[in-house]
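Student: These are the residues of each chain, in order.
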Amino acid sequence: MTKLTDLTLADALAGLDNKDFTSVELTQDYVTAVAASDAINAYTTQTPDRALDMAAAADAARAAGTAGPLAGIPLAIKDLYCTEGVLTTASSHILDGFTPAYESTVTSNLWRDGAVMLGKVSLDEFAMGSSNETSFYGAVENPWRAGDGKSRVPGGSSGGSAAAVAAQLAVAATGTDTGGSIRQPASFCGLVGIKPTYGRCSRWGVIAFASSLDQAGPITRSVKDAAIMLGSMAGYDAKDSTSIDTAVPDYASALTGDIRGLRIGIPKEYRLDDAPAEILALWDKGVEWLKDAGAEIVDISLPHTKYALPTYYIVAPAEASSNLARYDGVKYGLRVPGDSLDGMYENTRAEGFGDEVTRRILIGTYVLSAGYYDAYYLKAQKVRSLIAQDFEKAYASCDAILTPTAPSAAFSPGENADDPISMYLNDVFTVPASLAGLPGISIPAGLSSEGLPLGLQLLGKPFDEETVLKVAGVLEEAAGFTARPSNWWQGEGA
Amino acid sequence: MTVDKNTVARIAHLARIKVPDEALEPITGDLNNILAWVEQLSEVNTDDVEPMTSVVHARLPQRQDGVNDGNKRDAVLKNAPETEQGFFAVPKVIE
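First to last, the protein sequences are chains F and Z. The first sequence begins at 1 in the numbering used here and counts up by one. The second sequence begins at 495 in the numbering used here and counts up by one.
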């Protein structure tokens with residue numbers, strides 16, 4: 001018999017509607033699995049009692065005919081979302097003991113719709129990283145292992161979210177994406193991850209990294225799951241002035257499977273000379289799948305692509321250095337005494353921030369400092385305009401864009417640890433759309449020669465998540481990705 | 495452009511992060527690698543380009559200039575490492 005924890009979100013909803021099982025039963029299976037998942041290290045905080053209470057409430061609502069669209073679905077929440085009364089750490093030492101007195105808008109929306117919280121999941125510290133190795137609470141293991149049986153990273157920064165969904169420790173999870181932090185871990189863990197258009201989901205109550213780039217989105221087991229969950233997460237919020245007041249479509253109904261006549265752009269600049277052959281081959285396969293489904297393939301050019309990463313690594317640290325100024329040992333979290341107020345600030349921040357966060361704050365402080373602002377920050381904001389204009393021009397001749405999600409499959413722990421720039425290159429395909437604020441999704445499309453998942457990315461026009469999801473649904477169907485990791489973390493016979 | 499150890503020490507002070515002397519050297523190396531890498535942006539002609547200041551083309555919403563929240567002193571102070579009589583407490587700053 002299929003285990004309840006194998007089900008997609010859509011199938012779990014159908015099973016609940018059909019009274020095949022209750023949310024309490026489904027949630028109990030997840031609570032048990034989470035409690036036995038130390039080897040994955042995805043969860044920073046488990047909330048089993050709250051989960052079972054929420055599940056019972058969802059069952060009652062279903063019996064009363066008042067169930068919301070996600071009633072009874074157990075989720076993992078990235079530990080960057082503030083959750084009222086539940087420890088929220090951003091995987092940083094500096095937020096020791098921080099228990100918000102308020103709930104983020106996105107998680108409020110999920111609870112409004114009946115979802116169940118299993119707990120909070122790990123991330124790269126303050127969402128800065130592509131491997132989940134910079135978490136203060138330790139690295140997260142990818143449930144997928146290559147043929148050699150050795151560890152792989154789950155990607156990042158939403159590495160705990162992706163590992164939890166792939167290891168059947170949650171039906172789905174929230175992530176956040178600043179430069180690829182939903183799409184790259186989804187790709188590394190064989191999952192679907194969508195970053196909607198900037199402004200689609202409220203950022204209120206999500207701990208800020210780079211405010212002009214941060215965007216919430218789901219990591220799920222299928223495109224349909226992503227459509228359903230994004231529908232609950234999205235929506236206008238007066239508390240986020242960059243949230244856009246436009247109706248949220250019924251995303252699931254966009255999954256018609258009919259992409260005949262849609263124009264799919266293939267950007268030549270993404271065909272990197274040093275990209276692995278299997279990544280390029282998978283991309284070609286994706287083109288064929290869409291062509292077979294009746295889409296028109298269009299060659300496009302995004303000429304400023306190579307400048308996207310250096311632009312990002314000025315803009316994002318600049319915003320981070322400003323946002324993270326609030327961690328000063330006064331209002332919440334860690335305080336390390338000093339011989340003066342400044343000494344207390346300096347000691348607290350030295351001990352509280354890890355190496356990568358410190359590096360980015362220093363870079364950001366430098367590029368915003370007097371005398372360097374024009375040369376770095378202003379220059380980067382101008383190049384950012386050119387990158388956004390590249391997409392605007394390309395969308396005159398296509399409806400969506402197909403690319404690989406990441407330049408490799410999941411890599412080994414420590415592989416990129418000594419050289420920050422080699423780690424940054426992981427986001428080469430995801431960062432340009434982040435700078436332009438565009439929606440993007442990663443779909444599991446095949447396995448590497450080592451047996452690790454590889455993803456393809458689809459990008460869309462602003463606020464056109466529907467086309468992105470529709471094309472993604474066709475890719476998902478064609479790819480027929482059914483591989484699953486062996487459950488080594490549960491031990492023999494589990 | 496490159497930075498030297500003194501500049502890094504100055505930036506670290508601006509950012510209020512204590513960096514011990516022995517850590518200045520490796521951090522200076524890291525920052526110079528990153529700065530050399532972002533230097534490639536100077537190839538791009540941006541003479542008549544406006545900097546991007548908002549990601550989506552939308553007018554910022556306005557609201558009534560009125561009180562819509564408040565009276566949450568205890569909630570605001572709840573996570574503070576040290577409070578005194580309803581205030582955040584910090585080391586003495588006035589002699």
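Be careful, since some hints might not be right.
Sample of chain Z residues at the chain F side, in silico, Cβ under 7 Å [said to hold, decoys possible]:
(1) 511
(2) 512
(3) 573
(4) 575
(5) 579
(6) 580
(7) 587
(8) 588
Since the hints were made in silico from the structure, they are not lab data. In this text, a Cβ means the ideal position worked out from N, Cα and C, and glycines have one as well.
Student: All the hints need checking, so say for each whether the structure fits it.
Tutor: The hints, checked one at a time:
1. Evaluation of the residue 511(Z) hint against chain F yields a held restraint, the C-beta minimum of about 5 Å falling below 7 Å.
2. Checking residue 512(Z) against chain F by beta carbon gives a least distance of about 4 Å; that is within 7 Å, so the hint holds.
3. The beta carbon of residue 573(Z) comes within 4 Å of a beta carbon in chain F, closer than 7 Å, and the hint placing it at the interface holds.
4. Against a cut-off of 7 Å between C-beta atoms, the interface hint on residue 575(Z) holds, since the closest Cβ of chain F lies about 4 Å away.
5. With a cut of 7 Å, the hint placing residue 579(Z) at the interface with chain F is violated, because the nearest CB-to-CB distance is about 16 Å.
6. Hint status for residue 580(Z): violated, given a least beta-carbon distance of 14 Å to chain F, over 7 Å.
7. Taking 7 Å as the C-beta contact cut-off toward chain F, the hint placing residue 587(Z) at the interface holds, the least distance being around 5 Å.
8. Annotation: interface hint on residue 588(Z) violated; nearest CB of chain F at approximately 10 Å, more than 7 Å.
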